[in-house]
Amino acid sequence: MKPFWVETNVENNDYQIYYYDDLVQYVNTQPTVILNFKEEDTFGFICNLVNAAVHNKDIVLFDLNFKDEEVVNLTGNSYFIEKSETNQFNKYLDLDEILKKVKESSTRLTFFTSGTTGIPKKVTHSLNNLLREVRIGENYSEHFWGFGYNPTHIAGIQLLLQGLLNQNTMINLFGRRRISINYFLDVFGVTNISATPSFFRMLMPFEKDYSLLKKITLGGEKSTPELINKIKEYFPNAKVNNVYASTEFGSLFSSCDDFFKIRESHLNFIKILDGRILVHKNLLGENIHANFLDNEWYDTGDMIEFIDESHTLFRIIGRSNELINVGGEKVNPSDVEAQLLLFEEIKECRVYGLNNSVLGKIVAADIVLYDNCIIEVVEIRKKLQSHLLNFKIPRKINIVEKLERGRTGKIARNL
Amino acid sequence: MTIDLLKKVINEIKESKNEKLIVSLEDEMTLRDDLGLNSLDLAELTVKIEDETGVDIFEDGLVNKVVEILKKLEIK
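Keeping their order, the protein sequence lines are chains V and X. In my numbering, each number is its position in the first sequence, counted from 1, plus 189. In my numbering, each number is its position in the second sequence, counted from 1, plus 93.
Just chain X, with the same shape it has in the complex (with noise of 0.2 Å):
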């Protein structure tokens, strides 16, 4: 999965709650404090990456940044 991917994914979560859509997706950014994700949204990004990629990123516990979930992707 690329970043624009993965930014394409997350909008849509952020489209559905009515919220601003994210510009541009960096590799440092957290999920929670930069990317305003909350439980529920992290529970959907998990569901819409595997989805797509057949990859559940937080099987073995929750990732922090984009990177993270970048690597989690490139490794499967």
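So here's chain V without its partners, still in its complex pose (with noise of 0.2 Å):
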């Protein structure tokens, strides 16, 4: 019997093993899907989905979190559980037959962006579309996943589906204490981590002996060589790859380092403008509002930089909608933090723009302190004169005890 998904508790290390045959069981027997899911039981919304793509039935993923009047809100109907009745088939399908149909299933998932105004937007994509970033072989069947996203967002949906069609076992990782993460990564032989960046910076600073995990994939926001170094230095034995995707197309592009390069088979479909990535139309989800170049190309709003004279290796620095004009010098809130988390004693911290009557926005940081750690505010920013220009130097400093989440766990910047 080969564990599927583990699902432990948020609050201490208690766990529950769920397996492949409970999937099965699930599918074989369940006369009807969920058309919208909206409850805390993760192992419950995994079979649900199965169970969604082997009828070939459309999902809306909410998020677990997700009131009821935000509901409204987004679809402008009250929430209330929609199910579907399908129609039994007239044999057992065992686990093979079930990935299969997955495989070729025509469902579509929509899910809701966190989108950085932190206003969520729908998004559809076919579960097709999603499936062109799983690898699935022999390399990948020994992998046991420490699932580090929400579940519900697409990034989630990725690696569950990695996991899913390779028949690998996950642990829910998500939203857990960092006691907790340690516990589970040990007391499992977990080999794989896939997280945000957040994730990681929330796991440090790095205590436990990490040399059994052999992959991690850091995707869902810019990561820093910084910490790219930290976990390599940690985590000896492991190859750190760095993946570029977001809600409206999936993933496009992955990287062992701090920069990326474009696949050939994406080369028609990407291309660099004022520095920003745009993305062709026939590589996103449905239900995009944007204004389209051309009526053809997706604005990403991501900068980059490229690192070599051909312009074909480059580096991901911000996002446009993120500047923070202060005076009409434009600041790169990345580039802030990055200085930020250069600082021992800093473990975390959010940059942004403050609304001000001499300069229309001021930079302001919140940071978190490492336990047991002490630095004066004017300390940090007389070291910081060293790094930055004048401008960009926070001008007030808040030392918090944390920071804002967005529901993918990444560090909320426009609240």
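Don't read these hints as lab results, they were simulated from the structure. Heads up, the beta-carbon is just placed ideally off N, CA and C, and yes, glycines get one too. One or more of the hints may lead you astray.
[As the list claims (entries may be wrong)] List of simulated lysine-lysine pairs, DSS-like, C-alpha gap at most 27 Å:
1) Lys581/V - Lys100/X
2) Lys113/X - Lys571/V
3) Lys585/V - Lys101/X
4) Lys101/X - Lys280/V
5) Lys571/V - Lys100/X
6) Lys581/V - Lys536/V
7) Lys101/X - Lys581/V
8) Lys107/X - Lys519/V
9) Lys110/X - Lys585/V
10) Lys581/V - Lys113/X
11) Lys100/X - Lys311/V
12) Lys585/V - Lys141/X
[Stated by the list, open to error] What follows is a list of derived Cβ distance ranges for each label pair:
13) Glu593/V - Asp144/X: 18 to 26 Å
14) Asn131/X - Ile368/V: 42 to 50 Å
15) Ile564/V - Ile96/X: 28 to 36 Å
16) Arg125/X - Lys256/V: 22 to 30 Å
17) Ile588/V - Thr123/X: 32 to 40 Å
18) Glu322/V - Gly147/X: 48 to 56 Å
From the two separate chains plus the hints, produce the assembled complex.
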């Protein structure tokens, strides 16, 4: 009986193991698919999703934390559970048959993006589209995944498909306490972790022996060379992979460093304009409401800089709509955050613009220190002088207990 | 806000820039020339004063002298 999903407790180190047999039994006996699942039961959510795929039903993925009023705002409808009866198959499907049906499914999944404005937007992808990034084969068959994403978001679904179609075991680490994550990594001999950079920052300082980990995949946010180096140091046997993806278009490219290269197969569908990444509408999900350049190109707003002369390798340096305009000078909050994170004492930070009657905006920062660390704000300011241009230095620095996070676990930048 | 508190706030800005601190603050001193504050410093000054007093001293436009700041704080 192969374990499929290990559900973990948010408050302590309790867990429950669900097996592939449990999934098979569910699909063969459950007469309905819930088309808009919104409950705390993650394993139930996964079973429902697989069942929907098997029966080619379209479903809407609500974040487990959405309140009913938010659903009304997003959909214009009151939230009620919508179910669809399924035609039962005339034979008992085994796991291979179920997975084959998932691979051939015409199901469409509707997600809600976290966005950078904080207002979720609807995006629909065919399951088929999401499968393009899934790698299936012998090399992937023994992976044990530390699941670091919100399972109702696109990164979570991509990871779920990767694990499911290779019949891997996955353990839910999203939103879990640091002490629990370390415990589970040990007890279960997890080999792969897929999560956001914030997940790893929350896990720091790295204290455990992570030598069993073979692969770390970072995605969903911009990572920094410093974080990647720290991860490489503490996960010495792990290959570190950085994925560029979004709810609008799924995964686009990945790299084992801080810089990316556009794949041959995507060359016709990705272009750079004024330093920003544009994606052809053929790669996008449905329902994307944005201004398309020439009716074809979606502006991601992600800014890049080329690091080689032939302009094939690039680094993502931030988002154009997050730039802080300080008296006409544009500041990329990522640059400032990167400098702040170089301080030994600083565990996490959020850099943002504050309205100001002199300059329009000034740069502000909320920082979280490591336990038992002390540093004076004035000392931070003095040291930043040697690394940042004057207008980039945060003029208001607040030392806080914790940072606001959005639904994906990312630090919320626009509040 | 008293003139002493204003001096303290201005010196916090000076210190974070590794600049020499102000020894005494006079009413007629100008913010830019006498106190050496640039626009970024003034932007910060307004934030600091607003945090202490709830008043945005530059809300109606920039002021030039120490005494003008104090007057704005007295009125509000």
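Each hint, compared with the structure:
1. Simply put, lysine 581/V and lysine 100/X have alpha-carbon atoms about 25 Å apart, close enough for the 27 Å limit, and the pair holds.
2. For a cut-off of 27 Å, the pair hint linking lysine 113/X to lysine 571/V stands: about 13 Å separates their Cα positions.
3. The straight-line distance between the Cα atoms of lysine 585/V and lysine 101/X is roughly 16 Å, inside the 27 Å bound, and the hint therefore holds.
4. As the CA atoms of lysine 101/X and lysine 280/V are separated by approximately 81 Å, the hinted pair breaks the 27 Å bound.
5. Simply put, lysine 571/V and lysine 100/X have alpha-carbon atoms about 19 Å apart, close enough for the 27 Å limit, and the pair holds.
6. A C-alpha spacing of about 20 Å is found between lysine 581/V and lysine 536/V, which places the hinted pair at or below 27 Å, so the restraint holds.
7. At most 27 Å may separate the alpha-carbon atoms for a hinted pair to count; lysine 101/X and lysine 581/V meet this at roughly 24 Å.
8. Of the supplied pair hints, the one linking lysine 107/X and lysine 519/V holds, its CA atoms being roughly 24 Å apart against a limit of 27 Å.
9. A C-alpha spacing of about 14 Å is found between lysine 110/X and lysine 585/V, which places the hinted pair at or below 27 Å, so the restraint holds.
10. At most 27 Å may separate the alpha-carbon atoms for a hinted pair to count; lysine 581/V and lysine 113/X meet this at roughly 22 Å.
11. A C-alpha spacing of about 53 Å is found between lysine 100/X and lysine 311/V, which places the hinted pair above 27 Å, so the restraint is violated.
12. Proposed proximity of lysine 585/V and lysine 141/X is supported: the alpha carbons are some 8 Å apart, at most 27 Å.
13. Hint check: glutamate 593/V to aspartate 144/X, Cβ distance near 20 Å, so the stated range 18 to 26 Å holds.
14. The hint said 42 to 50 Å for the Cβ distance between asparagine 131/X and isoleucine 368/V, and at roughly 47 Å that hint holds.
15. A hinted range of 28 to 36 Å for the beta carbons of isoleucine 564/V and isoleucine 96/X is consistent with their spacing of about 30 Å.
16. Here the CB-CB span from arginine 125/X to lysine 256/V is close to 51 Å, at odds with the stated 22 to 30 Å.
17. In this structure, isoleucine 588/V and threonine 123/X meet the distance hint of 32 to 40 Å, their C-beta atoms being roughly 33 Å apart.
18. Against the hinted window of 48 to 56 Å, the Cβ-Cβ separation of glutamate 322/V and glycine 147/X comes to about 52 Å, which satisfies the hint.
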